[in-house]
Structures are given as C-alpha cells and as structure tokens.
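Student: Could you put together the complete structure from these sequences and hints?
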Amino acid sequence: MSTIEERVKKIIIEQLGVKEEEVKPEASFENDLGADSLDTVELVMALEEEFETEIPDEEAEKIKTVQSAIDYVNNNSDD
Amino acid sequence: MQNFENKVALVTGASRGIGKAIAETLASQGAKVVGTATSDKGAAAISEYLGSKGRGLALDVTDSENLPQIIKDIEKECGSIDILVNNAGITRDNLMMRMKDDEWDAVLNTNLSAVFKVCKTVVRGMMKRRYGRIINISSVVGTTGNPGQVNYCAAKAGLVGFSKAMAKEVAARGITVNCVAPGFIDTDMTKSLNDEQKHAIFDNIPASRLGEPAEIAAAVAFLASDGAAYITGETIHVNGGMAMV
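Each protein sequence line maps, in turn, to chains V and C.
Just so we're aligned, residue 1 is where the first sequence starts under the numbering used here, counting upward by one.
Just so we're aligned, residue 1 is where the second sequence starts under the numbering used here, counting upward by one.
Please note that the accuracy of each hint is not assured.
Straight-line C-alpha distance at most 25 Å; calculated DSS-like pairs for lysine-lysine [to be verified]:
| no. | chain 1 | residue 1 | chain 2 | residue 2 |
| --- | --- | --- | --- | --- |
| 1 | C | Lys191 | C | Lys41 |
| 2 | V | Lys62 | C | Lys120 |
| 3 | V | Lys64 | V | Lys9 |
| 4 | V | Lys10 | V | Lys62 |
| 5 | C | Lys76 | C | Lys41 |
| 6 | C | Lys128 | V | Lys64 |
| 7 | C | Lys120 | C | Lys76 |
| 8 | C | Lys120 | V | Lys64 |
| 9 | V | Lys9 | V | Lys19 |
| 10 | V | Lys19 | C | Lys128 |
| 11 | C | Lys120 | C | Lys191 |
| 12 | V | Lys62 | C | Lys117 |
| 13 | C | Lys117 | C | Lys168 |
| 14 | V | Lys9 | C | Lys128 |
| 15 | C | Lys117 | C | Lys76 |
| 16 | C | Lys164 | C | Lys117 |
| 17 | V | Lys24 | V | Lys64 |
| 18 | C | Lys120 | C | Lys164 |
| 19 | V | Lys10 | C | Lys128 |
| 20 | V | Lys64 | V | Lys19 |
| 21 | C | Lys72 | C | Lys120 |
| 22 | C | Lys53 | C | Lys72 |
| 23 | C | Lys100 | C | Lys168 |
| 24 | V | Lys62 | C | Lys128 |
| 25 | V | Lys64 | C | Lys168 |
| 26 | C | Lys41 | V | Lys62 |
| 27 | C | Lys168 | C | Lys191 |
Simulated from the structure, these hints should not be mistaken for lab results.
Computed from a prediction, not measured in an experiment: that's the story for all the values here.
Tutor: Here you go:
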C-alpha cells in the first residue's frame with residue numbers, strides 16, 4: 001500500500017501530465033505545474049475519487065499546492 | 001436521424017409539450033432517456049410513453065440540496081449522463097408594474113437557477129469522460145421581449161448568456177453547451193393564450209402557423225449528435241421566421 005503522499009503525487013502527475021521531479025511540496029498547480037483553474041477543479045475531483053471522499057467547495061479552493069493537497073487528505077482521511 | 005445508441009439522456013420537464021417530444025425523439029433514435037416531472041403522476045406518464053427506452057423520475061429541479069444525490073442515483077442505475085436537456089420551465093405572467101416578488105422568483109428559480117444547479121451536478125461526469133452535450137431550452141421572447149413576461153424573458157435570455165460562458169469553460173473537455181430557442185409552439189403553454197393574442201402572434205410569423213413540439217426536438221437531436229461536436233455557445237432559433245437573429 002502506497003502512502004497518502006505517494007498516491008496524491010501520482011494523481012497530480014496523471015492529471016496534470018507533469019514529471020515526478022516537478023511535483024515538489026511547494027509547487028503551485030497553476031503557477032509551477034501549468035494547470036489552469038479548470039485543471040485544478042478536475043484534480044480535486046480525481047482526489048475525491050481516489051480517497052472516496054467529498055471535498056467541499058470552500059476547502060477545494062484552498063488546495064493550490066502539492067503540499068496543501070497532501071495535507072488536506074492527511075487531515076481528512078481515515079486510512 | 002441521429003444514432004444515440006449507448007447514450008444516456010436526461011430531459012427535465014418531460015411529461016408533456018416540448019419536453020415530451022424531445023424525450024420521445026431521443027429515445028426513438030436509440031438513447032436511454034430519463035425524463036423528469038414535478039409530480040409522481042407526471043413521472044408515471046413518462047415511464048409509460050418511454051416504455052423500455054427509459055423512465056420517468058419525479059424531481060423538483062429547484063431542490064438543490066437533494067439534486068446531487070438524485071443525479072448520482074440515476075447515473076448508478078442508467079449509466080453516466082451524456083446528453084442533458086434543460087427544458088423544465090414555468091410561466092407566471094403579469095405586467096411588470098403588477099408583478100409580485102414571488103412571481104418573479106418562481107420563474108427565475110425554475111427557468112434559470114435550476115439550470116445552473118442541474119448543470120453543475122451533471123457536468124462532473126461529463127468532464128471525467130471528456131464528452132457531453134448540454135442543450136438548454138430558451139425562447140424567442142428572450143431575444144425579442146414580450147409584454148407581461150419580464151420574468152420569463154429575463155430567465156430565457158439569461159440561459160443564453162449562461163450557455164455561452166459555460167461553453168467556454170468546458171469546450172476543451174469535449175462538452176458542448178447550446179440553446180434552442182422555440183418560437184410559438186403548439187403546447188399547453190401556448191393554449192392558454194386568448195384569440196386576440198394568437199392573432200397578433202400569427203401576424204408576425206411568416207410561416208403563419210404554430211410550430212410543432214417535434215420541430216424543436218429535431219433541433220435538439222441535432223445539437224446532441226456527434227456531428228454537432230464543433231458547435232458550442234450557439235442558439236438555434238426555431239420560430240417559423242418570427243425573429244431572425
């Protein structure tokens with residue numbers, strides 16, 4: 001079983017089509033990883049699916065960097 | 001004739017009139033159709049005319065709280081929605097000077113706000129699959145205006161702007177968002193017009209007749225087809241020449 005961090009990073013790589021080495025904790029989806037705002041919405045949808053959860057809009061808007069995505073899942077996941 | 005085999009369509013307000021014609025047309029061309037009505041009786045009527053090609057569903061489109069779960073249940077049962085037709089609409093006509101807040105609110109809620117809510121829910125699955133057809137039923141009076149209908153005209157014009165903005169947001173995901181704007185169509189909604197109103201309208205329709213619900217459904221079926229993949233943010237006017245825009 002991969003860690004939450006590995007699973008989140010894998011989704012980011014798949015969704016945004018970026019290389020593993022680009023997915024640094026502080027990397028911003030829109031500023032560093034070439035995502036537009038809709039890509040970020042889709043990324044959150046993919047996270048919801050992977051972790052079988054629903055991320056409320058007001059929380060989703062705060063997920064802007066690799067670390068913030070990992071933190072959100074860590075803080076809101078049972079596994 | 002389009003081929004909608006293996007496509008799932010959701011048509012709101014499908015118990016009669018234009019919505020019924022749209023549901024029947026999509027079903028006859030191979031789609032699995034879920035048609036909504038506000039009452040259980042209406043939903044039963046839809047199930048009856050669709051037969052094995054789909055079913056009716058009692059749904060209050062303004063119920064934003066329960067909408068996501070209801071859509072999720074439909075998709076679990078019937079498959080992901082490929083074609084969404086927002087057709088449900090009401091009128092509460094009154095002169096602007098006499099219009100009550102609740103008449104304004106009811107029409108804006110059902111005819112415009114509900115479309116936003118249904119689209120927001122349904123588009124998630126379309127985004128994932130990189131495919132979707134959204135067709136919003138506007139009206140000629142959204143373009144021309146009509147006395148006694150400031151609420152209805154505002155909502156129907158609002159749908160055109162909504163569709164254009166949404167079309168730009170989701171175009172890169174293979175989803176198109178268009179409007180069909182009917183003129184005066186032979187339905188219960190236009191049957192309530194008095195003779196004087198009808199004559200005044202006929203004088204302005206070069207085709208000098210009312211349109212048939214099936215003639216609206218044909219335009220919807222075209223926009224829902226694979227052949228219309230490059231048309232988005234557009235409004236097709238189906239009005240017998242009454243307004244050429």
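Student: Confirm or reject each hint.
Tutor: Hint-by-hint comparison with the structure:
| no. | hint | verdict |
| --- | --- | --- |
| 1 | Lys191(C) / Lys41(C) | 22 Å, holds |
| 2 | Lys62(V) / Lys120(C) | 20 Å, holds |
| 3 | Lys64(V) / Lys9(V) | 13 Å, holds |
| 4 | Lys10(V) / Lys62(V) | 20 Å, holds |
| 5 | Lys76(C) / Lys41(C) | 23 Å, holds |
| 6 | Lys128(C) / Lys64(V) | 20 Å, holds |
| 7 | Lys120(C) / Lys76(C) | 18 Å, holds |
| 8 | Lys120(C) / Lys64(V) | 21 Å, holds |
| 9 | Lys9(V) / Lys19(V) | 10 Å, holds |
| 10 | Lys19(V) / Lys128(C) | 22 Å, holds |
| 11 | Lys120(C) / Lys191(C) | 33 Å, violated |
| 12 | Lys62(V) / Lys117(C) | 22 Å, holds |
| 13 | Lys117(C) / Lys168(C) | 18 Å, holds |
| 14 | Lys9(V) / Lys128(C) | 19 Å, holds |
| 15 | Lys117(C) / Lys76(C) | 19 Å, holds |
| 16 | Lys164(C) / Lys117(C) | 16 Å, holds |
| 17 | Lys24(V) / Lys64(V) | 13 Å, holds |
| 18 | Lys120(C) / Lys164(C) | 15 Å, holds |
| 19 | Lys10(V) / Lys128(C) | 17 Å, holds |
| 20 | Lys64(V) / Lys19(V) | 18 Å, holds |
| 21 | Lys72(C) / Lys120(C) | 13 Å, holds |
| 22 | Lys53(C) / Lys72(C) | 20 Å, holds |
| 23 | Lys100(C) / Lys168(C) | 35 Å, violated |
| 24 | Lys62(V) / Lys128(C) | 22 Å, holds |
| 25 | Lys64(V) / Lys168(C) | 23 Å, holds |
| 26 | Lys41(C) / Lys62(V) | 45 Å, violated |
| 27 | Lys168(C) / Lys191(C) | 37 Å, violated |
When held up to the earlier numbered hints, the structure conflicts with 11, 23, 26, 27 and fits the remainder.
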